[in-house]
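I would like the entire structure built from these sequences, with the hints used as guidance.
Per the numbering used here: the sequence shown ends with 691, consecutive numbering throughout.
Just so you know, not all the hints are guaranteed correct.
Unchecked claim - Just the calculated beta-carbon pair ranges, DEER-fashion:
{"no.": "1", "residue 1": "Gly570", "residue 2": "Ala673", "range": "41 to 47 angstroms"}
{"no.": "2", "residue 1": "His668", "residue 2": "Leu576", "range": "49 to 55 angstroms"}
{"no.": "3", "residue 1": "Gly547", "residue 2": "Asp663", "range": "46 to 52 angstroms"}
{"no.": "4", "residue 1": "Val559", "residue 2": "Arg648", "range": "40 to 46 angstroms"}
{"no.": "5", "residue 1": "Arg648", "residue 2": "Ala587", "range": "54 to 60 angstroms"}
{"no.": "6", "residue 1": "Ala661", "residue 2": "Ala634", "range": "18 to 24 angstroms"}
{"no.": "7", "residue 1": "Arg648", "residue 2": "Asp617", "range": "17 to 23 angstroms"}
No lab work stands behind these hints, which were simulated from the structure alone.
If you're wondering where the values come from, they're calculated on a predicted model, not measured in any experiment.
Ideal Cβ positions, reconstructed from N, Cα and C, are used throughout, including at glycine.
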Amino acid sequence: LEIHGAGAALGKREWQSILRQIVAAGYLHLDIGGYGGLNLTQTSQVLIEGAAEFHYRADTAKTKAERKPKAAHAALPDLSDSETLLLDRLKELRHDLAQARGVPAYVIFSDRSLQEMAHRQPRTAEDFAGIHGVGEAKLRDLAEPFLSAIAEAEA
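Written as structure tokens, this is what we have:
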């Protein structure tokens, strides 16, 4: 029986996946009270005797490097000169609001949100709600000053 080194070609993630599948199939029991050890179950005996086979599904999870970049990090189009000026005004407003509330600027809005505002220039609360990072609370608390700043920039 030649088993020494069997499975050496598999990495840690593959072994973790296989063990999760064996536990899910009921061949091993995770003993939480026993510091997370694994125990054989009654059904594991058929595997040991060779009366049954266990077929596992290869893990399809991709590594971080293999994943495509998220759309959330997609670059916005280049801003025009007027949009860049508006972005600067929105950043000033964010800074002032953050100081008044005693919070970091990113709590008010992220740079991405401000860039999207400068590019899309929402004019209504409904349009403002479509901006990245605007939820109910920010719509209620922050729409008015930012919509006013956008309207003033147009004038």
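To see whether the hints hold, each was checked on the structure:
| no. | hint | in the structure |
| --- | --- | --- |
| 1 | Gly570 x Ala673: 41 to 47 angstroms | holds, 46 angstroms |
| 2 | His668 x Leu576: 49 to 55 angstroms | holds, 51 angstroms |
| 3 | Gly547 x Asp663: 46 to 52 angstroms | holds, 49 angstroms |
| 4 | Val559 x Arg648: 40 to 46 angstroms | holds, 41 angstroms |
| 5 | Arg648 x Ala587: 54 to 60 angstroms | holds, 58 angstroms |
| 6 | Ala661 x Ala634: 18 to 24 angstroms | holds, 22 angstroms |
| 7 | Arg648 x Asp617: 17 to 23 angstroms | holds, 20 angstroms |
Violation of the numbered hints given earlier is absent; every hint is satisfied by the structure.
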